[in-house]
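Colleague: The primary structure of each chain is shown beneath.
Number of protein chains: 2
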Amino acid sequence: MSTPEDHTADHNSSKPSRRSLIGWGGAGLALGAAAAGGAVAVARTGGDADPAGAAAGGPVAFHAAHQAGIATPVQDRLHFAAFDVKTDDRAEFATMLKDWTAAARRMTAGKAVGEGAYGGLAEAPPDDTGEALGLKPSRLTLTIGFGPSLFGRFGLADRRPEALVDLPRFAGDNLDGARSGGDLCVQACADDPQVAVHAIRNLARIGFGKVSVRWSQLGFGKTSSTTPEAQTPRNLMGFKDGTRNIAGTETDRLRKYVWVAESDGPDWMTGGSYLVARRIRMHIEPWDRTSLQEQEDIFGRDKGEGAPVGKAKERDEPFLKAMLPDAHVRLAHPDSNGGATILRRGYSFTDGTDGLGRLDAGLFFLAYQRDVREGFIPIQRNLATDALNEYIQHVGSAVFAVPPGVRDADDWWGRALFSASPTEG
Amino acid sequence: MSTPEDHTADHNSSKPSRRSLIGWGGAGLALGAAAAGGAVAVARTGGDADPAGAAAGGPVAFHAAHQAGIATPVQDRLHFAAFDVKTDDRAEFATMLKDWTAAARRMTAGKAVGEGAYGGLAEAPPDDTGEALGLKPSRLTLTIGFGPSLFGRFGLADRRPEALVDLPRFAGDNLDGARSGGDLCVQACADDPQVAVHAIRNLARIGFGKVSVRWSQLGFGKTSSTTPEAQTPRNLMGFKDGTRNIAGTETDRLRKYVWVAESDGPDWMTGGSYLVARRIRMHIEPWDRTSLQEQEDIFGRDKGEGAPVGKAKERDEPFLKAMLPDAHVRLAHPDSNGGATILRRGYSFTDGTDGLGRLDAGLFFLAYQRDVREGFIPIQRNLATDALNEYIQHVGSAVFAVPPGVRDADDWWGRALFSASPTEG
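Heads up: the protein sequence lines correspond to chains A and B, in order.
Going left to right, the first sequence walks through residues 8 to 432 as the numbering used here numbers them.
Going left to right, the second sequence walks through residues 8 to 432 as the numbering used here numbers them.
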């Protein structure tokens, strides 16, 4: 499914702000990046609000102040993977990150991983697995994150950001360790699922021996929108949720709630963000036997239009006091959480059955924020009394520090983290 | 991803043949169906070659001589579910099949399951789960099949078709019982995965207490094409496989290899077909470390273009003797199997990880044929020596009798099977 919002370019992103130049290390560097990054980067480099997305099917810029895949208009499909590190060799790991960056630069541009993918040496393994040959770039974005456990390795302990806290245990959590955590993660979003699956698979291939896939999640359909003109996609409960999401064009809100500022520290995270991933299983069978009135009371919206209680339209300002005290919209609203605001980017999943005749389906929740302690944690604490909890359960959880964007052809994922560390140069 | 082939209407389908009229029970009935079936049926009813698919995003006819979802141009996404029967009450089960049929008729037309889905009684559960509200019909097709085990119930033993054999054990099979078999199945194909997931979920909801989901499979991308003008989509090994598939427009080949003829028996299967479903796990990590030459030798095609060994283009006639004796294309070719030919309709899947750091990914193989004993079984037996077997493993298996299409608004899935049974009317 391709919706109109996918093709909305962010015209606000063309004017770099002072802050974006700081994020890039200065104007000279920013301009250099545009020159060095090739055609793709030239076309869409230099924004503060992040490259918002290219024309239909086209590439999203890889070189930018912030990583793409956050403020970028939400693509239709997701493949997300968390990795465990298998090497103790810091140089080997850094080399893998460089190789990953080079591969990501090519894949997001719609190219095969290697230059001569199928004109190369027949006796060598192909340098691309091939299943995306002939497919469009499909607005592929690849977004890397570093988990708390990574900082227990490679002499990185004192580089761990304060804001990268281990998530507390929340009421109702029923977490599966095999679907939680990870030393690092890559979020692949694209309008064509084959393009997203191909990207994760090729990174796993390149990382062979250095990392292994800890868990992965396919998201078949987006449940959030970062383009306010579009309707919010429905989740598997049939409701529009997260209507008041931060838009990719809302530079001020992104700066306030999503991007790590220089003053936040550490330096290597300036222009980055923090990602919380939660696998939320929905008990859809009991939900489906719940009356329409109760469903609407639980959400605080009507099901057909998605309007808040007592209002006519989805985007009408909600009147929280008209809702039940434990209505989902009411409890999740910034006014109930001291203003806590996150950028949501979740996807619906269905992973077969649970062995008990029920579909294993739900929401793979992804939220970006400037500080997890002021974003997801207070919101989720407040949702402890959410009426929705009778019908959902959090079964997987992870948190990652998402570094800023790759600046130019010489930059690589994690360079600032690894270069500035006391144990290496 | 939407490809040009999706929008190809089958202009050959507008002229009913004698055989299709027999399948429909006579011309009067056929015309009656067109009148009774509403706008959708009127638009595309009466073909022998099956409704080939509507215009972009539009509905595919539900009322037809054959079930849609077989010769229909392959949609982008799949949700497939196998069900176990939980009731011993034959009338209750037949009522459920009628309810399923009514729901399928509406959903394939792009409508909610119930008339007044969200204008109904607030104190009742909604008669549609809602997540497909506002989405296009997306060429949704719903195709039902009856497994061998169903015929052990409801006094149907003597109605079991001879051709519905239990599959033999094949060399290399490593079947998971929890992902095999099933009393019945529904294949949902659509260009929007949310539409396919919604359809299966609502059938499961309607069937609550009567059936439960035994296993289900999401297919994120098609690997076959039934429209010869389009390129064959690549599988997760990066190859085009099944290039010489039966096209939805090849009426003669469909009649010869796919549709059950009146002379084949039993009567209730005339115009139906047999479906073999196999979950084929790919060991993609070792595959990715195999040289390009070896990969191409194993398939008998080049990877870039997909041309058979020694040929220039994908659709050039393969010269089998130029290939290694155990090349996949050579062993799967009709010339190596006494002419055995099947219609392939498989999808790629990726279902997270296997707990060993590897992606659980592969091909969900779906093949339709007039007789399993002359289709899948000889082909799969011949593939015992397939060089590809080092890199794949069959881990799930099922076979189903797929009855003919629903004729009109009064007809329902399985009517001929249940009505003609000795223990009822």
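Keep in mind that the hints were calculated from the coordinates and are not lab data.
Incorrect hints may have been included.
Where chains are identical, the list cannot tell them apart; a pair therefore holds if satisfied intra-copy or between any two copies.
Said to hold, decoys possible - Straight-line C-alpha distance at most 30 Å; calculated DSSO-like pairs for lysine-lysine:
(1) K118 x K217
(2) K320 x K217
(3) K217 x K105
(4) K93 x K143
(5) K105 x K320
(6) K105 x K318
(7) K217 x K318
(8) K93 x K320
(9) K318 x K143
(10) K263 x K118
(11) K318 x K118
(12) K318 x K93
(13) K263 x K217
(14) K320 x K118
(15) K93 x K217
(16) K328 x K217
Colleague: Work down the list of hints and note, for each, if the structure agrees.
Modeller: Checked hints:
{"no.": "1", "hint": "K118 x K217", "result": "within (24 Å within a copy, 50 Å between copies)"}
{"no.": "2", "hint": "K320 x K217", "result": "neither (51 Å within a copy, 39 Å between copies)"}
{"no.": "3", "hint": "K217 x K105", "result": "within (13 Å within a copy, 55 Å between copies)"}
{"no.": "4", "hint": "K93 x K143", "result": "neither (33 Å within a copy, 46 Å between copies)"}
{"no.": "5", "hint": "K105 x K320", "result": "neither (48 Å within a copy, 37 Å between copies)"}
{"no.": "6", "hint": "K105 x K318", "result": "neither (51 Å within a copy, 39 Å between copies)"}
{"no.": "7", "hint": "K217 x K318", "result": "neither (54 Å within a copy, 40 Å between copies)"}
{"no.": "8", "hint": "K93 x K320", "result": "neither (51 Å within a copy, 43 Å between copies)"}
{"no.": "9", "hint": "K318 x K143", "result": "between (42 Å within a copy, 26 Å between copies)"}
{"no.": "10", "hint": "K263 x K118", "result": "neither (35 Å within a copy, 42 Å between copies)"}
{"no.": "11", "hint": "K318 x K118", "result": "between (48 Å within a copy, 26 Å between copies)"}
{"no.": "12", "hint": "K318 x K93", "result": "neither (54 Å within a copy, 43 Å between copies)"}
{"no.": "13", "hint": "K263 x K217", "result": "neither (36 Å within a copy, 53 Å between copies)"}
{"no.": "14", "hint": "K320 x K118", "result": "between (43 Å within a copy, 22 Å between copies)"}
{"no.": "15", "hint": "K93 x K217", "result": "within (5 Å within a copy, 48 Å between copies)"}
{"no.": "16", "hint": "K328 x K217", "result": "neither (53 Å within a copy, 42 Å between copies)"}
The structure is inconsistent with the numbered hints 2, 4, 5, 6, 7, 8, 10, 12, 13 and 16, although it conforms to all the rest.
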